[in-house]
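With chain A fixed as given, assemble chain B onto it according to the hints.
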Amino acid sequence: DSGVTQTPKHLITATGQRVTLRCSPRSGDLSVYWYQQSLDQGLQFLIQYYNGEERAKGNILERFSAQQFPDLHSELNLSSLELGDSALYFCASSGPSAETQYFGPGTRLLVL
Amino acid sequence: EDQVTQSPEALRLQEGESSSLNCSYTVSGLRGLFWYRQDPGKGPEFLFTLYSAGEEKEKERLKATLTKKESFLHITAPKPEDSATYLCAVPGKDTGRRALTFGSGTRLQVQP
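Protein chains in written order, with the working numbering: chain A, 1 to 112; chain B, 1001 to 1112.
Derived by calculation from the structure, the hints in this document are not laboratory data. One should not assume that every hint holds.
Just the calculated beta-carbon pair ranges, DEER-fashion [to be verified]:
(1) G52(A) x Q1111(B): 46 to 56 Å
(2) D40(A) x G1029(B): 26 to 36 Å
(3) G16(A) x R1061(B): 40 to 50 Å
(4) D1(A) x Y1051(B): 42 to 52 Å
(5) S1018(B) x N77(A): 42 to 52 Å
(6) K1069(B) x A14(A): 26 to 36 Å
On a predicted model such as this, the values are computed, not experimentally measured, just so you know. All residues carry an ideal CB built from backbone N, CA and C; glycine is no exception.
Isolated chain A, as found in the complex (with noise of 0.2 Å):
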């Protein structure tokens, strides 16, 4: 156990539809990371937050956005979804140093 937890686990929507996936890092943690992992793309980061503010992007879309709350809980909103935005989402967190980086157990995204 990584100490990074996510919910929901799974996720089935429907295409056009909005998500919100939810992220708590690891006590003490104030990274947090964002990456999508599908069958064709290996792991992708999508975008860091540190202690509220952005930080780094990655090939996020335009779609898909993120913010990081004063309790340093995090939240991806993905919108008007498409059959392609099927994947597995992983949260990571990272200390101070920004070195290491603990993953969740993720959350499986279907879009029908």
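Relative to chain A, chain B alone:
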């Protein structure tokens, strides 16, 4: 652009048959090379971080080594429970060395 290439893509071993997985990287100013283990449908589990050429780290049947161009994950006398996908990653330049750039992984299957 940073690149991380893992080989082989898949490896099938008999229980007790030792082998090595390779991770080659093209990174200017390496700030650590990370190894993770990922079971199907689960989040990546942190194994090791290596920072400088010649460094070695061990954990049970696994030993990771680092040179200036590649890293090896040596598996000694593997057991069926070592079956997983092994991922290596480096802090990516395009995210200010904050987020990880992952290789595509090596799927290891250890048969009893």
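Hints, verified against the model:
Here the CB-CB span from G52(A) to Q1111(B) is close to 48 Å, well matched to the stated 46 to 56 Å. Separation of D40(A) from G1029(B) is about 30 Å and conforms to the stated range, judged on CB atoms against 26 to 36 Å. Distance hint check: the CB atoms of G16(A) and R1061(B) are about 48 Å apart, consistent with the given range 40 to 50 Å. A beta carbon spacing of about 26 Å between D1(A) and Y1051(B) contradicts the range 42 to 52 Å that was offered as a hint.
Between S1018(B) and N77(A) the CB atoms are about 46 Å apart, so this pair conforms to the stated range of 42 to 52 Å. For K1069(B) and A14(A), the hinted distance range of 26 to 36 Å is not satisfied, since their beta carbons lie about 47 Å from each other.
The structure fails hints 4 and 6 (numbered hints given earlier, in ascending order).
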